[in-house]
Amino acid sequence: MLERKAMRIMAVRRLLQVAAIALAVLLLWAIFMRGDVGNDAGLPSSPGEELTDGHAPGVRRQDDGIIKVGLTMDTLQEERWIKDQEMFGEAVEALGAEFIVMTADSDDAKQIEQAETLISMGVDILVVVPHDAEATATIVNKAHAAGIKVMSYDRLVRNADVDLYVSFDNERVGELQAEVITKLVPEGKYVFIGGADTDYNAHLVKKGVFNVLQPFIDRGEITVVFDQWTRNWLPANARDNMRAALRANEGRIDAVIAGNDATAGGAIEALAEWGLAGKVPVAGQDAELAAAQRIVAGTQTMTVYKPIRQLAEVAAELAVKMAKGETPRADRLVNNGKIDVPSVLLTPIAVNADNIDETIIADGFHSREEVYKLIER
Numbered sequence: 003m004l005e006r007k008a009m010r011i012m013a014v015r016r017l018l019q020v021a022a023i024a025l026a027v028l029l030l031w032a033i034f035m036r037g038d039v040g041n042d043a044g045l046p047s048s049p050g051e052e053l054t055d056g057h058a059p060g061v062r063r064q065d066d067g068i069i070k071v072g073l074t075m076d077t078l079q080e081e082r083w084i085k086d087q088e089m090f091g092e093a094v095e096a097l098g099a100e101f102i103v104m105t106a107d108s109d110d111a112k113q114i115e116q117a118e119t120l121i122s123m124g125v126d127i128l129v130v131v132p133h134d135a136e137a138t139a140t141i142v143n144k145a146h147a148a149g150i151k152v153m154s155y156d157r158l159v160r161n162a163d164v165d166l167y168v169s170f171d172n173e174r175v176g177e178l179q180a181e182v183i184t185k186l187v188p189e190g191k192y193v194f195i196g197g198a199d200t201d202y203n204a205h206l207v208k209k210g211v212f213n214v215l216q217p218f219i220d221r222g223e224i225t226v227v228f229d230q231w232t233r234n235w236l237p238a239n240a241r242d243n244m245r246a247a248l249r250a251n252e253g254r255i256d257a258v259i260a261g262n263d264a265t266a267g268g269a270i271e272a273l274a275e276w277g278l279a280g281k282v283p284v285a286g287q288d289a290e291l292a293a294a295q296r297i298v299a300g301t302q303t304m305t306v307y308k309p310i311r312q313l314a315e316v317a318a319e320l321a322v323k324m325a326k327g328e329t330p331r332a333d334r335l336v337n338n339g340k341i342d343v344p345s346v347l348l349t350p351i352a353v354n355a356d357n358i359d360e361t362i363i364a365d366g367f368h369s370r371e372e373v374y375k376l377i378e379r
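Okay, so the sequence shown: first residue is 3 according to this note's numbering, each after it adds one.
It is worth saying that the hints were derived from the structure and are not from the lab. It cannot be assumed that every hint is accurate.
[Said to hold, decoys possible] Below 20 Å or equal to it, Euclidean Cα-Cα: the simulated EDC-like pairs (lysine to aspartate or glutamate) are:
(1) Lys85 to Asp171
(2) Lys281 to Asp365
(3) Lys151 to Glu118
[To be verified] Here are the computed distance ranges between Cβ atoms for each label pair:
(4) Val316 to Lys375: 49 to 59 Å
(5) Ala332 to Met123: 42 to 52 Å
(6) Gly277 to Ser122: 49 to 59 Å
(7) Thr225 to Leu335: 33 to 43 Å
The beta-carbon is built from N, C-alpha and C at its ideal position, and this holds for glycine as well.
Using the sequences plus the hints, can you model the full thing?
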């Protein structure tokens with residue numbers, strides 16, 4: 003009995019030895035197939051080792067000498083963001099850099115996942131157009147952990163150590179809207195339909211609007227009878243907001259200031275249902291083609307033109323410089339709730355029917371044929 007037991011023990015030991023040898027062979031084969039990853043792929047040869055290019059361990063980098071600019075965008079639903087993507091990409095490539103873009107379809111989790119993908123692809127700079135200004139702070143933290151700097155493009159990421167913010171002066175955008183409308187309607191009932199509450203730019207625009215409106219409100223000349231955000235900037239949600247404002251005030255509305263041209267369009271749809279389109283002044287921003295057509299047709303009063311090509315080219319130039327390790331120029335600081343972010347803010351332009359030819363059309367942003375086609379048929 004003891005002899006049989008001893009034989010079984012020896013057999014088990016032999017099996018374990020064979021298994022250990024097989025495992026060692028498999029591990030050696032795997033290392034051979036991967037190659038010298040510690041030297042060739044930029045990964046550390048031992049846990050916790052710093053990378054020579056300043057990136058965190060575990061991030062796969064491909065250093066082929068070409069600057070890679072990664073862009074993660076909230077959405078391409080609106081016309082202006084399509085232009086931003088195209089113009090920014092063209093500007094990046096004109097500088098000899100590679101351009102990689104992903105769009106999150108207004109999904110925070112998707113945007114974070116895509117940013118992680120861009121980081122793992124080895125981008126040298128990450129440019130972010132955030133959906134949720136707060137949620138995308140995670141992206142900044144992940145990029146910095148990989149030694150990658152982050153630029154906020156047009157929309158500011160909140161409560162994070164953003165390296166640079168490039169946009170237009172969004173507070174000034176709101177001031178321009180309100181200055182134009184108050185000249186036309188110095189007293190009466192106002193409706194404010196803001197953008198998405200999750201977009202910090204929407205808050206900056208609103209601040210600018212009320213910078214101008216507040217003295218009129220204090221004097222009792224203007225009453226803001228409706229003030230609501232528009233979920234995800236969707237025109238249908240803006241239309242519903244405007245419908246609610248009209249019902250609550252039995253159609254007696256004197257002026258509307260909207261967060262952008264898309265929300266202005268939704269508001270104008272609701273005004274049309276009450277026979278008020280073209281009778282109630284409406285302000286927007288972004289200089290979208292549909293808004294330009296409404297302006298010349300008389301149903302939208304004004305828009306704020308932000309020359310996107312200028313923004314895209316400035317942002318591309320600064321992104322490439324940052325990727326090379328240069329310190330970008332900044333003309334002011336904008337607090338994002340955590341730090342004063344170095345910022346480059348460009349100047350917006352108020353556009354109405356009187357100057358649309360000299361601004362939007364003269365710049366080639368939209369052609370005259372496109373802008374006037376609905377009224378010249």
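Consistency of the hints with the structure:
1. Between the alpha carbons of Lys85 and Asp171 the distance comes to roughly 19 Å, so the proposed pair stays at or under 20 Å and holds.
2. Taking the CA atoms of Lys281 and Asp365, the gap is near 29 Å; set against the 20 Å cutoff, the hint is violated.
3. Taken as a hint, the Lys151 and Glu118 pair is honoured in the structure, with Cα atoms around 14 Å apart against an allowance of 20 Å.
4. For Val316 and Lys375, the Cβ-Cβ distance of about 32 Å falls outside the hinted range of 49 to 59 Å, so the restraint is violated.
5. The hint said 42 to 52 Å for the Cβ distance between Ala332 and Met123, and at roughly 28 Å that hint is violated.
6. Take Gly277 and Ser122: their Cβ atoms lie about 56 Å apart, and the range 49 to 59 Å holds.
7. Between Thr225 and Leu335 the CB atoms are about 35 Å apart, so this pair conforms to the stated range of 33 to 43 Å.
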